[in-house]
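In case you want the letters, here they are:
2 protein chains.
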Amino acid sequence: MPFPDKTSDNVLDKVLIIGLGLIGGSLARSLKQSGHCREVVGHSYRDYSLKKGVELGVIDGYSLDLDEALAGVEVVVVATPVLIAQDTLRNIFTRVGPDTVVTDVASVKGSLLQAAREGCGGEVPPNLVLGHPIAGSERNGLDASSADLFVDHRVILTPTVETAPAALEKVRRMWLSTGARVQELAVAEHDAILAATSHLPHVLAYALVDALAHSEASQDIFNFAAGGFRDFTRIASSDPVMWRDIALGNREELLRAIDMFAAHLQRLRNAVDTGDGEAMHKIFTHAKATRDAFAAKKGSD
Amino acid sequence: MPFPDKTSDNVLDKVLIIGLGLIGGSLARSLKQSGHCREVVGHSYRDYSLKKGVELGVIDGYSLDLDEALAGVEVVVVATPVLIAQDTLRNIFTRVGPDTVVTDVASVKGSLLQAAREGCGGEVPPNLVLGHPIAGSERNGLDASSADLFVDHRVILTPTVETAPAALEKVRRMWLSTGARVQELAVAEHDAILAATSHLPHVLAYALVDALAHSEASQDIFNFAAGGFRDFTRIASSDPVMWRDIALGNREELLRAIDMFAAHLQRLRNAVDTGDGEAMHKIFTHAKATRDAFAAKKGSD
Chain S
1 MPFPDKTSDN
11 VLDKVLIIGL
21 GLIGGSLARS
31 LKQSGHCREV
41 VGHSYRDYSL
51 KKGVELGVID
61 GYSLDLDEAL
71 AGVEVVVVAT
81 PVLIAQDTLR
91 NIFTRVGPDT
101 VVTDVASVKG
111 SLLQAAREGC
121 GGEVPPNLVL
131 GHPIAGSERN
141 GLDASSADLF
151 VDHRVILTPT
161 VETAPAALEK
171 VRRMWLSTGA
181 RVQELAVAEH
191 DAILAATSHL
201 PHVLAYALVD
211 ALAHSEASQD
221 IFNFAAGGFR
231 DFTRIASSDP
241 VMWRDIALGN
251 REELLRAIDM
261 FAAHLQRLRN
271 AVDTGDGEAM
281 HKIFTHAKAT
291 RDAFAAKKGS
301 D
Chain Y
1 MPFPDKTSDN
11 VLDKVLIIGL
21 GLIGGSLARS
31 LKQSGHCREV
41 VGHSYRDYSL
51 KKGVELGVID
61 GYSLDLDEAL
71 AGVEVVVVAT
81 PVLIAQDTLR
91 NIFTRVGPDT
101 VVTDVASVKG
111 SLLQAAREGC
121 GGEVPPNLVL
131 GHPIAGSERN
141 GLDASSADLF
151 VDHRVILTPT
161 VETAPAALEK
171 VRRMWLSTGA
181 RVQELAVAEH
191 DAILAATSHL
201 PHVLAYALVD
211 ALAHSEASQD
221 IFNFAAGGFR
231 DFTRIASSDP
241 VMWRDIALGN
251 REELLRAIDM
261 FAAHLQRLRN
271 AVDTGDGEAM
281 HKIFTHAKAT
291 RDAFAAKKGS
301 D
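Line by line, the protein sequences are chains S and Y.
Residue numbering for the first sequence follows our numbering, beginning at 1 and increasing consecutively.
Residue numbering for the second sequence follows our numbering, beginning at 1 and increasing consecutively.
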């Protein structure tokens, strides 16, 4: 039997994925492979990855026209960088009815909620379920996509009081079908937590590599850098457009996180400057204990 | 034949390793295993790891008395944290003659050169060859030591104009016997490069984990942190005493590196604050290109 029984609540009829990169491509692969969705189609502003997606069997078809792409779709997944996602959500909500569930995969939620509201005459649409799979890597694009990208990874959904329970359930089941663990957070909570654990570290890694690349001894520096440096800067190899958009899309929380970090760095700098070994030892010991506990919980170093 | 022919210039008669942790223990194991040294003995201010070292066959014997430990030794390797290494170098040079070669393994060189000079009545001792194997991990102690820790890793030696060529050659060959690649840098150059590539990233990782641990949402933050965060903060699991000592021992260069970083972070913060996507994109793109080139050269991501 090529497709699971459509009478089951678990199975989706037609899903549209907008943006066929690492996340969109991986979701398409997973939905096709598991049979959780009968038909997966794509849309983008250019056809390069879409053509490739059809050739590879990642999607069943595509349209470059948004109206055409949206026809008969049960769930729309916006999987573009954040700034395009904002525009796309505004456009979608002028086009779809309440029966089409709209979700996304971006690393920021507040500015997308705002964009959807703008597309909906100021109201939060009940068929909107913003979501964020915490998966990915510094590699990107359809070539890096994989049907098991989400297995055992978290997906955070951020429903609001306006969200229709049936819409939430549909998106929740879609992600469960990929092997992900689904959790819920408030929009503001999501954006604050992601600013701290993801957006800030990316900014720090970019700032460090940028600073070293501009230093006089740049060549020597990179010649003598070792394993710790490689791990520490890995995320500076991430996609610049994606991260520019995230920084712009989660501006307030990111600024707050940068300022909090800068204050702690300054405190540590003062300890170095005054030769206060005791203060340093206390900070390092506390940080190590926290990091060790985190690593132990995650079951890895 | 249990030991290589002592007539060969390559073979050392007796090496004393002071401090039997990850680096000291790994060097002892390697020298014993390769037969590059006939006898490896240990010294420390307490006997815990020394006893264990003898039991495990990592060293042939030890003494808690420095004078006794130094008797008949051809090469002394100071492998303690930096502050103890400073004291130890001062002490050693009041005790050894010009035929005993003295080296170390610390991540800072300027402050150790100064300490050795102090022990030598203000002169730089010709039998001093400061060295730094760029190997290690956030694990530490004799238990984590291994005879192949240095294979294909860099060891930087920092001879001065006063250094005796024969002393330099002895230390160089010792490290070559471990499978390391040996290079030379000036003391000041070493300290500036290591501040940028190693000491600064450690300080940033410690400061980040410290900042997050102090934030109100600390529990949620660590619950939702993912792979990028794990890599980025791995070095915050390093030994606090070792890193306190390095920060104190390379104070000037570390402060310079922190300030350089803070200026670049501020620049990036301003771009976020003013919504200057173009500036951000430029910084991220430049950083990614630099990081990608570094990773490609190192043959890993």
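Worth flagging that the hints you see were computed from the coordinates, not collected in a lab.
Each hint should be verified, as a subset may be incorrect.
[Claimed, not checked] With a Cα cut of at most 20 Å, we get these calculated SDA-like pairs of lysine to any residue: (1) K297(Y) - N223(S); (2) K282(Y) - K14(S); (3) K282(Y) - K282(S); (4) K51(S) - S146(S); (5) K282(S) - K51(Y); (6) K297(S) - D220(Y); (7) K282(S) - L83(Y); (8) K32(Y) - E189(Y); (9) K51(Y) - L64(Y); (10) K282(S) - N140(Y); (11) K282(Y) - N223(S); (12) K282(S) - Q33(Y); (13) K14(S) - V54(S).
[Claimed, not checked] Over 10 Å on every C-beta distance to chain S, these chain Y residues come out as not near it, computed from the model: (14) G61; (15) L64; (16) V161; (17) V182; (18) L204; (19) H214.
All of these numbers come straight from a predicted model, not from anything done at the bench.
The beta carbon of each residue, even a glycine, is placed where N, CA and C say it ideally should be.
For the pair supplied as a hint, K282(Y) and K14(S), confirm whether the alpha-carbon distance does not exceed 20 Å.
39 Å, violated
Agreement of K282(S) and Q33(Y) with the hint, judged by alpha carbon distance not exceeding 20 Å
Violated, because 39 Å separates the two Cα atoms, which is more than 20 Å.
Run the C-beta distances from V182(Y) to all of chain S and say if the shortest one exceeds 10 Å.
Holds, since 13 Å exceeds 10 Å.
Agreement of K282(Y) and K282(S) with the hint, judged by alpha carbon distance not exceeding 20 Å
Violated, at about 38 Å.
Could you let me know if the closest chain S CB is still more than 10 Å away from the CB of H214(Y)?
7 Å, violated
Verify the proposed pairing of K282(S) with K51(Y), using a straight-line Cα cut of 20 Å.
30 Å, violated
Straight-line Cα separation of K282(S) and N140(Y) no greater than 20 Å?
19 Å, holds
Going straight from one Cα to the other, do K51(S) and S146(S) come out at no more than 20 Å?
OK: K51(S) and S146(S) at ~17 Å, within 20 Å.
Take the C-alpha atoms of K51(Y) and L64(Y), compute the straight-line distance between them, and say whether it is at most 20 Å.
11 Å, holds
Whether V161(Y) stays farther than 10 Å from all C-beta atoms of chain S, as the label says
The claim holds: V161(Y) sits with its nearest Cβ about 21 Å from chain S, beyond 10 Å.
Quick check for students: does the CB of G61(Y) sit more than 10 Å from each CB in chain S?
33 Å, holds
Is the straight-line distance between the alpha-carbon of K297(S) and that of D220(Y) 20 Å or less?
Cα-Cα ~13 Å, so holds.
The structure fails to meet hints 2, 3, 5, 8, 11, 12, 18, 19 from the earlier list, while all remaining hints are met.
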